[in-house]
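Per the numbering used here, the very first residue in the sequence shown carries number 1; after that it's consecutive.
Take the hints with a grain of salt, since some may be wrong.
Claimed, not checked - Straight-line C-alpha distance at most 30 Å; calculated DSS-like pairs for lysine-lysine:
id : residue 1 : residue 2
1  : 32        : 81
2  : 53        : 81
3  : 53        : 32
Since the hints were derived computationally from the structure, they do not count as laboratory data.
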Amino acid sequence: MRKNIWSIAIGLVLAVIGVGILGNALFNWNFKIFIEGWWALALMIVSLGFVVKEGPKLYNVASLIIFGFLFLRYHVPALEKIDLWTLVVGVIILCVAAQIIINAIN
């Protein structure tokens with residue numbers, strides 16, 4: 001089931017890109033595939049794919065949160081003041097704590 005969700009997600013992303021490109025050609029839209037911070041968004045999508053495919057694990061949830069923040073940081077001026085390394089350490093500690101608690105419950 002998770003593999004199907006990942007395939008559907010890839011298909012939807014490609015459909016959006018196709019519609020955007022057609023809109024550029026036919027209706028003079030201003031659709032861009034590569035926006036500022038596209039690399040962080042791409043890494044966030046890959047991380048989300050791993051969360052869906054493998055289930056929530058420490059490394060894939062932490063990477064999703066960190067890359068998500070990187071993407072937002074360059075597009076929301078208020079987030080530029082936040083220290084990235086402090087955020088990374090905090091996210092990793094929280095994910096480790098959550099993993100310990102989940103393992104203790106199971």
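Pair hint residue 32 and residue 81, alpha-carbon separation not exceeding 30 Å = The hint holds at about 28 Å.
ask   = Between residue 53 and residue 81, does the CA-CA distance stay at or below 30 Å?
value = Violated - the C-alpha atoms of residue 81 and residue 53 are around 34 Å apart, more than 30 Å.
message = Would the hint linking residue 53 and residue 32 be met if the CA-CA limit is 30 Å?
response = holds, 28 Å
Violated hint: 2 only; the structure is consistent with all others.
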